[in-house]
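Undergrad: Residue numbers (the working numbering), protein chains in the order written: chain F, 1 to 108; chain V, 109 to 264.
Treat the hints loosely; a few may be bogus.
Said to hold, decoys possible - Below, a sample of chain V positions facing chain F; criterion: calculated Cβ distance under 10 Å: (1) THR223; (2) ARG228; (3) PRO232; (4) PRO234; (5) SER237; (6) GLN250; (7) PRO251; (8) LEU252.
Unchecked claim - Not the full set, but computed from the structure, chain F residues with beta-carbon under 10 Å of chain V: (9) MET19; (10) GLU24; (11) PRO26; (12) CYS29; (13) THR31; (14) LEU32; (15) SER34; (16) TYR86; (17) VAL95.
These aren't lab readings, by the way, just hints derived from the structure by calculation. Note that CB positions come from ideal geometry on N, CA and C, so glycine has one too.
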Amino acid sequence: MTTPHGVIALIPESCTSCMICVRECPSWCITLDSHAEEVSEPGARRPRTVSVLDHFAIDYGLCMYCGICVDVCPFDALEWAPDVDYSARDRAGLVHDTSRLAGWIPHE
Amino acid sequence: MRVIDRTDWLSAMTELHADGFSYLDVLTGLDRGSDVEVLARVVDVSAGRLRAEVVTTLVPRVDPHLSSVAAGYPAAVWHERETAEMFDIVFDGHPDPRPLLRRTDLGAAPLLKSTVLAARVVTPWPGTSEGESGRRSTRRPQPLGVPANWLHGGDA
Numbered sequence: 001m002t003t004p005h006g007v008i009a010l011i012p013e014s015c016t017s018c019m020i021c022v023r024e025c026p027s028w029c030i031t032l033d034s035h036a037e038e039v040s041e042p043g044a045r046r047p048r049t050v051s052v053l054d055h056f057a058i059d060y061g062l063c064m065y066c067g068i069c070v071d072v073c074p075f076d077a078l079e080w081a082p083d084v085d086y087s088a089r090d091r092a093g094l095v096h097d098t099s100r101l102a103g104w105i106p107h108e
Numbered sequence: 109m110r111v112i113d114r115t116d117w118l119s120a121m122t123e124l125h126a127d128g129f130s131y132l133d134v135l136t137g138l139d140r141g142s143d144v145e146v147l148a149r150v151v152d153v154s155a156g157r158l159r160a161e162v163v164t165t166l167v168p169r170v171d172p173h174l175s176s177v178a179a180g181y182p183a184a185v186w187h188e189r190e191t192a193e194m195f196d197i198v199f200d201g202h203p204d205p206r207p208l209l210r211r212t213d214l215g216a217a218p219l220l221k222s223t224v225l226a227a228r229v230v231t232p233w234p235g236t237s238e239g240e241s242g243r244r245s246t247r248r249p250q251p252l253g254v255p256a257n258w259l260h261g262g263d264a
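Model the full assembly from the supplied sequences, consistent with the hints where possible.
TA: This is the structure we're talking about:
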């Protein structure tokens, strides 16, 4: 079955900055920056190091909507959303950053 | 799908045309390593008899010649021009073998898997950055399908 594609949404809270989507993307259209933070939990012997997402962007001027990033994400942080209307007046307007990508998630 | 010997390509296509498959739907190539597979889909569009046939043949990279079918199928003129420049094939007997879309004096045939796209060389790969902070792996990740010595800032 052929279905029309919409847009790829990011759920930032689910993203662990593992870089799998960035490295699997055949169009090289995803960029991601993160940094490490130490989290101390009560009862833990040592502080835990976690990755914190600083920046995530998809360049829809390059994306070919293959959906590989959605498929490979081990944490389901990327998902298809139905929106299709995101044309832009210039090239830079097609680069969606973390907050814009998060805004595509359908809200009940 | 029928696989045809390269030397019988023109006669097989002529036979199909005489058989009623007079509409050329598509003619293109597929990189199969040491050969380029040329594939054509022809359709019989006569009333009440819609049927199609797919035929392919293997053209070795070392001797990339194939007979043109443009005499019987005029639509093949553009398809063969495109296949020629995208896969480095010579269609013998083609009535107008000018390049269709690209300058053939610049670089290799873009649809051959051995051809690395120029954009892959001048663009830094976004996967290089050490996203997994704290856990530096000893092996630097490499983009798939791009030879290491082609990479922007590569080690070669």
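Undergrad: Look at each hint and say if it fits the structure.
TA: Hint-by-hint comparison with the structure:
Here the hint on V/THR223 is broken, as its CB sits about 15 Å from the closest CB of chain F, past 10 Å. Interface restraint check: V/ARG228 against chain F, minimum CB-CB distance 8 Å, threshold 10 Å, status holds. Because the beta carbon of V/PRO232 sits about 9 Å from the nearest beta carbon in chain F, less than 10 Å, this interface hint is met. A cut of 10 Å between beta carbons decides the hint on V/PRO234: the least distance to chain F is about 5 Å, and the hint holds.
Evaluation of the V/SER237 hint against chain F yields a held restraint, the C-beta minimum of about 7 Å falling below 10 Å. Here the hint on V/GLN250 is kept, as its CB sits about 9 Å from the closest CB of chain F, short of 10 Å. The restraint placing V/PRO251 at the interface with chain F holds, with a minimum CB-CB distance near 7 Å, inside the 10 Å limit. Satisfaction of the interface hint for V/LEU252 is found here, the shortest Cβ-Cβ separation to chain F being roughly 8 Å, below the 10 Å cut-off.
Contact between F/MET19 and chain V, as hinted, is supported at the beta carbon level, the nearest pair being about 4 Å apart and thus within 10 Å. A hinted interface residue such as F/GLU24 counts as satisfied when its beta carbon comes closer than 10 Å to some beta carbon of chain V; here the least separation is about 8 Å, so the hint holds. Hint on F/PRO26 holds. Least Cβ distance to chain V is approximately 8 Å, under the 10 Å limit. The beta carbon of F/CYS29 comes within 8 Å of a beta carbon in chain V, closer than 10 Å, and the hint placing it at the interface holds.
The beta carbon of F/THR31 comes within 5 Å of a beta carbon in chain V, closer than 10 Å, and the hint placing it at the interface holds. Among the interface hints, the one on F/LEU32 holds; its C-beta lies about 6 Å from the nearest C-beta in chain V, closer than the 10 Å criterion. Of the supplied interface hints, the one on F/SER34 holds, with its beta-carbon coming within about 5 Å of a beta-carbon of chain V, less than 10 Å. At a threshold of 10 Å, the smallest CB-CB gap from F/TYR86 to chain V is about 21 Å, leaving the interface hint violated.
For F/VAL95, the interface hint is violated, the least distance from its beta-carbon to any beta-carbon of chain V being 12 Å, above 10 Å.
Of the numbered hints listed earlier, those contradicted by the structure are 1, 16 and 17.
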